[in-house]
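Peer 1: One letter stands for each residue in the lines below.
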Amino acid sequence: MKASLLVFALAIVPVAVSAQGTEPSLPLNGAPPAAAVCIACHSSEMIDYQPRLTVAQWRATVLKMKAAYSAPVDDKDVDAIANWLAARQTNAGQAAAGPH
Amino acid sequence: MDRFTPSRRHFVGLLGVTAAAAFAPLRATNVRLPFDNGGRRMVDGFEGKGSMILQRTRAPLLETPFEVYDRGLITPVDRFYVRWHTASAPRQIDAAAFRLNVHGHVERELSLTLADVASLPAREVTAVSQCAGNSRGFSDPRVPGAQWGNGAMGNAVWRGISLRQVLDRAGLKAGSVAIRFRGLDAAPPHFGKSLGVDVARNEDVLLATHMNGQPLPWNHGFPLRLVVPGWFATYWVKTVSDIEVLPTEDDNYWMAKAYRIPATPDGNITPGAPAGATTPISTMPPRSFVTNLRDGDRLRAHSKQVIRGIAFSGKGAITRVEWSADGRAWHRCQVDNEGGTYGFRRWHAQMPVGAAGPQRLLVRATDAGGNVQPPTAGWNPGGFMRNAVESLNLVVA
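Protein chains in written order, with this note's numbering: chain A, 1 to 100; chain B, 1 to 397.
Hints listed in this document are in silico derivations from the structure and should not be mistaken for laboratory results. Take the hints with a grain of salt, since some may be wrong.
Covered stretches of chain B (chain A as the covering partner; in silico rule of three or more C-beta atoms under 8 angstroms from a C-beta of chain A) [to be verified]:
#, region
1, 49-60
2, 147-158
3, 182-196
Idealized CB from N, CA, C, for every residue including glycine.
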C-alpha cells in the first residue's frame with residue numbers, strides 16, 4: 001500500500017511540472033543520490049524558502065518526512081541528506097540562525 | 001440509511017483544471033516578505049487565481065497579498081489563500097458518484113449524495129479562515145514549516161448545511177466523544193481532524209458547498225468543506241467524504257502529533273525551553289491589522305491621517321480596537337457592525353500626525369471574551385497562533 005502510493009507520487013511529478021509550467025527545479029549538484037526523494041511529494045520551494053536551519057533541524061525534518069509522511073529514505077542516508085540541505089543554505093549565504 | 005427527498009435540484013458537474021488555466025502563461029514578479037529569505041514570486045493565473053504569492057507550487061501554498069484586505073470585508077475567492085498538505089486530493093471529482101459517509105459510534109450509518117446534502121435547509125455564515133501557521137515567517141527564532149507572511153487568512157461567506165443535521169440523522173450513540181473528518185487527500189498520513197461533540201453540534205459548524213456565492217473551487221475543498229467558525233483552518237477539512245464518530249479521543253497523527261501547541265495559558269514557551277505538555281490548537285485569539293498604510297509609508301507633517309483596517313477573533317466578537325503611537329496611550333477606533341461574530345470587522349480612526357520624524361503606529365483588538373492582543377509575540381515550536389500587536393514604522397515629512 002505504502003509502496004504503491006509512493007510510486008504514484010513519483011509518477012505524477014513530470015505531469016505536475018509540464019501542466020503548470022512553473023515548478024522550479026531542484027539543482028542536485030553535490031547532492032547524495034537519495035536527496036532526489038525530497039521533491040517526490042512537494043516542489044522545491046518548500047526547501048528553498050526555509051529559514052536558515054541547523055543540521056540538527058534539517059535532520060529532524062528528514063526524519064519527520066520518513067516517519068510521518070512515509071518518504072522512502074534509508075536510515076543510512078539521513079545524515080547525508082541533512083548535511084547537504086544545510087550546506088546549500090551556507091553556500092547560498094543565507095543569514096545564520098538566531099541564538100537557538 | 002436515511003432517505004431524503006431532494007427539494008431542489010443540485011447540479012454539479014465534473015470539476016477539473018481547464019486547459020486555459022493549466023497552460024496560460026503565468027505573469028510573475030518578485031516580491032519580498034519582511035523576514036530573512038523572504039523573496040517570493042507573485043504569480044497571476046496559477047490554479048485559476050488572481051495575483052498570489054507563490055509559497056509552493058506542489059502541493060499548492062498560495063498567500064493572499066496583503067493589499068487585498070484593504071479592498072473589502074470579503075476576500076474574493078480568486079485571491080483567497082490556499083493551503084494543501086499533500087498533492088493527493090483528486091483534481092477531478094465525479095459529483096454524481098461522490099458520497100459523504102457517516103459511520104462509527106452511530107445509530108444509523110449514512111451514505112449521502114450531494115443531492116441529499118442539497119435537500120437539507122441551507123445556512124450561511126461569514127467567517128475568517130486562518131491557517132494555524134499564518135505569520136510563521138515572523139517567528140523569532142525562526143522555525144521550519146511554510147514561511148507565511150500575514151496573508152494565510154481570508155474572510156468569506158460560507159453556505160452549506162449545519163453539520164448537526166447530519167449528526168442528528170445518524171444519531172450519536174451514548175458515549176460519543178469526538179467526530180473525525182476525512183477528505184479525499186489520502187496520502188499518508190491520511191489527513192483527518194476531530195472536533196469534540198459539543199463543538200461539532202454548534203449550528204454554525206457547516207458542511208459548506210459554496211463560498212461567496214460560488215460553488216467551492218477545487219482548491220477550497222469541492223464539493224464539501226467543513227467550516228468551523230472561530231477555529232483555526234486546520235479543522236476546516238476539505239473534500240470531506242468521511243465522518244466517523246469516535247467513542248474515544250482521536251489518536252490519529254494530525255491530532256496526536258501535528259498542530260499541537262504548548263499546554264500553557266497562551267500556548268507559548270520560552271524559545272529553547274523543553275516543549276512540555278502539548279494540546280491540539282483550537283480557537284483563534286484576536287488579531288488586528290492596519291490595511292491602508294504599509295511599513296515605511298510617508299505622512300504629511302501636522303495633518304490628520306485616516307487609518308483603517310481589519311480585526312477578528314475566534315474567541316468572541318470584537319468589542320474594541322485601539323491605535324497607539326507609543327504602546328502606552330491607546331485611542332479608540334470606530335468599529336463597523338457589519339461582519340458578524342466570526343468575520344473580519346472593519347475599523348477606522350483619524351490619527352493626528354506630528355512634526356517631521358519617525359512615527360510608530362500600533363493597533364490592538366479586544367474581544368467579548370476579554371482577550372487582548374499581547375504587546376510582544378510569544379513563541380512556540382510550531383510557529384502557530386501568532387497574534388501580537390502589529391506595528392508600523394512610518395515617516396513624517
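Peer 1: So is the region 147-158 of chain B in contact with chain A by the C-beta rule, three or more residues under 8 angstroms, or is the coverage claim wrong?
Peer 2: The restraint on the region 147-158 of chain B is violated, since only 1 of its residues have a Cβ under 8 angstroms from chain A and three are required.
Peer 1: Tell me whether the statement that chain A covers the region 49-60 of chain B is true, taking a Cβ distance below 8 angstroms and needing three residues at minimum.
Peer 2: Result for this restraint: holds, n = 6.
Peer 1: Counting residues of the region 182-196 of chain B with a beta carbon closer than 8 angstroms to any beta carbon of chain A, are there 3 or more?
Peer 2: That given contact holds, which follows from 3 residues of the region 182-196 of chain B lying within Cβ reach (below 8 angstroms) of chain A.
Violated hints amount to a single one, hint 2; each of the other numbered hints is respected by the structure.
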